[in-house]
Structure formats: structure tokens, C-alpha cells
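Visitor: Line order of the protein sequences matches chains A and B. For what it's worth, full-length UniProt numbering labels the leading residue of the first sequence as 1, then goes sequentially. For what it's worth, full-length UniProt numbering labels the leading residue of the second sequence as 1, then goes sequentially.
Hints are supplied without guarantee of correctness; some may be wrong.
To be verified - Listed next, the in silico SDA-like pairs over lysine to any residue satisfying Cα-Cα at most 20 Å (straight line):
(1) A/K2 to B/D321
(2) A/K97 to B/H56
(3) B/K102 to B/E147
(4) A/K131 to B/R117
(5) B/K131 to B/D254
(6) A/K131 to A/F57
(7) B/K240 to B/M229
(8) B/K97 to B/L6
(9) A/K131 to B/F320
(10) B/K16 to B/R117
(11) A/K131 to B/I12
(12) A/K131 to B/A285
In short, the hints are calculated from the structure, not lab data. Since we're looking at a predicted model, the values are computed, not measured.
There are 2 protein chains.
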Amino acid sequence: MKLAELGEFGLIDRIKAHVAASPSVLLGIGDDAAALVPTEGFVTLITSDMLLEGVHFDLSFCDPRTLGRKSLSVNLSDVAAMGARPRHFLLGVALPKDVPLKFMDGFMAGMLEQAERFGATLVGGDTCASKGGLAISVTALGEQHPELVLKRSGARPGDLVCVTGTVGDAAAGLNLLMRGEREGFLVSRQLDPTPRVEAGIALAAAGCVTAMIDVSDGVLQDLGHICEMSGVGARLELAKLPLSDEYLSECAEDPFALALSGGEDYELLFCIPEGRDAEALEVCARAGVPVSVIGTVTAGSGIELAAPDGTPYRAPRRGFDHFA
Amino acid sequence: MKLAELGEFGLIDRIKAHVAASPSVLLGIGDDAAALVPTEGFVTLITSDMLLEGVHFDLSFCDPRTLGRKSLSVNLSDVAAMGARPRHFLLGVALPKDVPLKFMDGFMAGMLEQAERFGATLVGGDTCASKGGLAISVTALGEQHPELVLKRSGARPGDLVCVTGTVGDAAAGLNLLMRGEREGFLVSRQLDPTPRVEAGIALAAAGCVTAMIDVSDGVLQDLGHICEMSGVGARLELAKLPLSDEYLSECAEDPFALALSGGEDYELLFCIPEGRDAEALEVCARAGVPVSVIGTVTAGSGIELAAPDGTPYRAPRRGFDHFA
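Same shape as in the complex, but just chain A (with noise of 0.2 Å):
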């Protein structure tokens, strides 16, 4: 069945028979606006991301159900990296008119299995018809005491850098299915990352983050986003960063390279006062990830790079820019 068949309104109801109803939600998908109920004492985290085909995706690449879930990741990724607790997200999804049914219903289940593993309600969005590729826009609302929100712009010098899971990932996934592989880990690392939720709430409940992001434009990029909005610098211990098997034996040659400007792993870089790594490393192993301490904040500007062998590395990409 194609979706001209079905029609647009048509699609709306096929996709709102399956979401549930929320407590929260006064009023979910066919109106004018969707209608939120605020948590009292919580402040509203939100965060809207578009994925093009061409640009972010390349449906040879992937199933439409794990397309489904990533498009919802990436955005929750970014509620996590506030420390706030997924509600609620809205779809948008412009669609070429050849794009049989089949392909909605699997990238909405997959959507939908994502948000209810963590706990985001579907209650609006927009489709419409692209004369170009697929596009889609996830807009994610998340929950979160004022006082516990996780900036990026509180690191001080002295802080301990940490980041959880492993790096580089993602990008070497990318490099795999661009020369034709379409599984393994590193490839499900692309294709299908986990946005540390748990992690990221336990570790604003904890007390001990001083700035937080999410590592989408890769280590040394984001890294730099925190320097930037805290006025401050940073010193990594290369010998630190964590980097899996997969990729250690796919990017023998030189591992930090694309380990320091790799993106898409999705993984949490935060900050903590020196001494409180032992907590942060219980609070993260009890959300079922681990942490690793990469390096140091610094007074002053700029990122240093120390080679294991103590020698200072220059890294030869920084990390992604859309119109560089």
C-alpha cells in the first residue's frame, strides 16, 4: 500500500492507534497543538533535531525500524545530556510520495519502542509530502529540578573530564558501511546508539557534575563547548580515552585520531570536582555504563593533548561543522 492510498490524515490516525495515553498529556495527537501538563517544582527541557537522508542517513544503511529509533536517540541523547528525564517528543516527517507504507510503520515502530524503553510519550508532529529526500524532525521534552539541570557552563579549573562508554565508535561504524559492511558492533554504534538516560539522570541526582554534553560533533568538539561556555581550558591524557577492541583493531594506525574528532557515539563528557570520580563511577556503573576519567580542566583556553608517551599530539580534524 502506498501512502497516497492511505492519505495524510489517514496516517495521522494509524500512527496515534498506537500510543498510549499519559497522565501528562491533556491533550496528545489530532488537534491544533498538543496540550502538556508541567510537573510542579520541574523545569521543561527542550530540544529539536532534523535528520535529512543524504546528510544524516543513508536509508542503503539501514532498516526503517532502527532508523525509527535513532531518530528518537539522537534527540533524547541531548535531554540526557541536561541530566532531565525524557517525557514527551513531537514527530516531524516529510515524506516522498513513492515511500511505501510498510516503511512508516516500521520506522514508527521503531520510534515508539525507543520511546517507551525510555519513557518519551508521542503527542504530536506534522507529516507532509518531500520533493526531495526524507526528512525528519524530532522535537524532546524532558523533566528536570531547576537546581539538578546540567549546563554546560559550570567545569572549573581542577575538575576531573570524564566521559562514559567508549569513543570513536560511531565514526569507524560510519567508515565500515561506507566500504560495505552493514553489521557488527561498531556499525550497530552507528546505526543504532543508546542515549545514556539513566546515567544521565542518576549523575544530575548525584551532585557531583559540574558541566555536562553530549559527544554528537565528536570529543574534542564538544569538549570544547564546555570550555568555551565555562571560560576555562583542558588537558586530555589520550592514554586514557576509552576506546573498544572493535575499534582499536579497526583504527590501528593512529586510534586517537577519529577517537578525538569522531561523532554520533552519543556518549556523556561531563566535568566533577577532583576526588568525586570514585562517586561518579558508582552512580554510572548502578545506570549500567561505564566511566572513564580522560583528563583535566584547566585555567586559561584551548584543549592540550598529551600522547601517551607524554609528548604533546596534535589532532588533525577537531570534530564536525555542517557548513565547514
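Following the hints, position chain B against chain A.
Guide: Okay, now just chain B, sitting in the frame of chain A:
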């Protein structure tokens, strides 16, 4: 100057410099997510719309500033249709790499002047490169007391059907644009619609509206949504459709077809109990917009159309469906 020289983060800084602080914004542009402080006792209304080059707009039809205004207006219109006051918005924009910076400056100037006019603050979003045309995604947020929110679902048999302003103008304007016209009343109704924000809020406060929607897909289709959600039918008297002189001179042959099916007027279409029309007219007059009673809500389903001579009228088209 090209965007490539400024870079993604330079562009974000450039936009941020034009946005004023607001006490309801704990954290605005520049972090992983914005943090908004909800007003106690209010619910959050949220809506999202995509606008795609070649589908929703044609860059040869309008200047960037007007496009910026319209991109926000269509979303504010959805907030207005809930009877809510606009508060915040997010902007996602996917830009072809050769777009001159001047284009973005004009676009943002238009969007931000419309935002200021209607009291909405830009709090975040996303900028990325597009390999196709320009793609815009706006998410708008508003607030209202939960008991004053105006849904599509409350119309009852016997209610009067009302609409603000005039209808059909935007569709007639689009026809003129496609024939090469670039100015005049009808063209400006298509390119630069005014969301009926003050009228929407005033109608909500008056408590006389049983159901409301904005006219984005055409009177017939949008009234159809109210009927479906309310479980009612309606009878429209075509002689009462508010048509502008400019529209009438363009569509003299059959003035009703386009007035019923033409979208993008962004007027408010609403139902009120019998006898409360004087009140609704007065409320809207104070908000600076005329109102016409164009029919009645009926038991049953479907929309009956009565020609000026009382005979049944059959509409050649229903309205806009993106996949039809």
C-alpha cells in the same frame, strides 16, 4: 559571505546575539537543550510544522524576511487555535551550502520581528546542511489555563459556525504568484499571513467557544476535522462566506470552490452556542478582527453546503492532503 566561512557555530552565535533574555527562559540557545520555566497553573501547548522548499514555499515568490515571518506565523496560528498565548519557539533549519549569509540574516530578521510582535522567544533548535533545498522546522510553545484550552472536539448540534477575516484569499494569492504576480492584497495574504493570536486568546477567555481550529487546509477540510472530533455534522450557507473584494474579482466565475478548499488563510474557524454570536463578534472586534457566522452545527455527520439560492452545492474539491 558564505555560510561555510562563518561555520555552524558562528551562525548559531550570530542568531543568539539577536535574541533577548526572558524570565521564563532559565537556559536558552547554546546548550544541549533549552530549560523553560512553566507558569504555575498553566498547561503547555506545543506544535511543530515543517516547511520545505518546493512543497510549502518557492524562493522566487518571496524575500527571505517574509519567509521568516511566515515560517513562524503558521506555527503561532496553531497555538492561537488552542486559545493559547505563544511563549517560546525552536527553529530547525537545513541550508544548502551555497546559501549566502545575507539570506539567513533576512530570514532571521523576519522571524524574530514576528516573534517579538506575538511575544514568543527563540530558545533553541538546530542548524544543518541540506543536500536538497531549504528545509525549515519550527516548534512553537504556548500557555493557557487547562480549562480554557479550545479543542476541536466540543461542537454540539445547534452551535453556530464562525470564521474570522476572509477566506480563499491565500489560495487566490498562490494562483496569482504562479501566474507571475508578486504583490497586492491576495499575494500578501499567501506570503505573509497574520496568526489570529489576540482573537484566539480573547475567545478562550470569553468562554463562549465550543470548538476551534485554524484554517490551514481549507474551510471544508478544517470544519470536517471539528465535525469528526466532535461527532457532529454541519450546514454552511455559502452566501455568508466572508469573501474579500480582491478575491471576488479574481474568482468571479465560481467564488465558492476556492473559498471552501483553499488553505493557508490562517483564520480561526470556531463554533459557539446559539445566541452567543454578538459576544463573539464583540470579543474579536476588540482584538481587531471581524467575524462571520457561516452556518450551523447539525446532528449526524458530513457537511451540507447551501448555495445562495438555497439549493445544495457540491464542492469540486475538499482541501489539501499532502499525499493525495
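Visitor: Would you check the hint for B/K131 and B/D254, treating anything up to 20 Å between C-alpha atoms as holding?
Guide: violated, 42 Å
Visitor: Between B/K16 and B/R117, does the CA-CA distance stay at or below 20 Å?
Guide: holds, 18 Å
Visitor: With the threshold set at 20 Å, check whether the alpha-carbon distance from A/K131 to B/I12 stays at or below it.
Guide: violated, 28 Å
Visitor: Check whether the Cα positions of A/K131 and B/R117 lie no farther apart than 20 Å.
Guide: Violated, at about 33 Å.
Visitor: Hinted pair, alpha-carbon criterion (20 Å max): A/K131, B/A285. Please report holds or violated.
Guide: At roughly 41 Å apart (the allowed maximum being 20 Å), B/A285 and A/K131 break the hint.
Visitor: Are the Cα positions of A/K131 and B/F320 separated by 20 Å at most?
Guide: holds, 16 Å
Visitor: Mind checking the alpha carbons of A/K131 and A/F57 for me, to see if they're no more than 20 Å apart?
Guide: holds, 17 Å
Visitor: Tell me if the straight-line CA distance from B/K97 to B/L6 falls inside 20 Å.
Guide: holds, 11 Å
Visitor: Sort out whether B/D321 lies within 20 Å of A/K2, counting only the CA atoms.
Guide: Distance ~14 Å between A/K2 and B/D321 Cα, so the pair holds.
Visitor: With the threshold set at 20 Å, check whether the alpha-carbon distance from A/K97 to B/H56 stays at or below it.
Guide: Holds: A/K97 and B/H56 sit about 15 Å apart, inside 20 Å.
Visitor: Sort out whether B/M229 lies within 20 Å of B/K240, counting only the CA atoms.
Guide: violated, 24 Å
Visitor: Given the hinted pair B/K102 and B/E147, is their alpha-carbon gap at most 20 Å?
Guide: At roughly 45 Å apart (the allowed maximum being 20 Å), B/E147 and B/K102 break the hint.
In terms of the numbered hints stated before, the structure departs from hints 3, 4, 5, 7, 11, 12, listed from lowest to highest.
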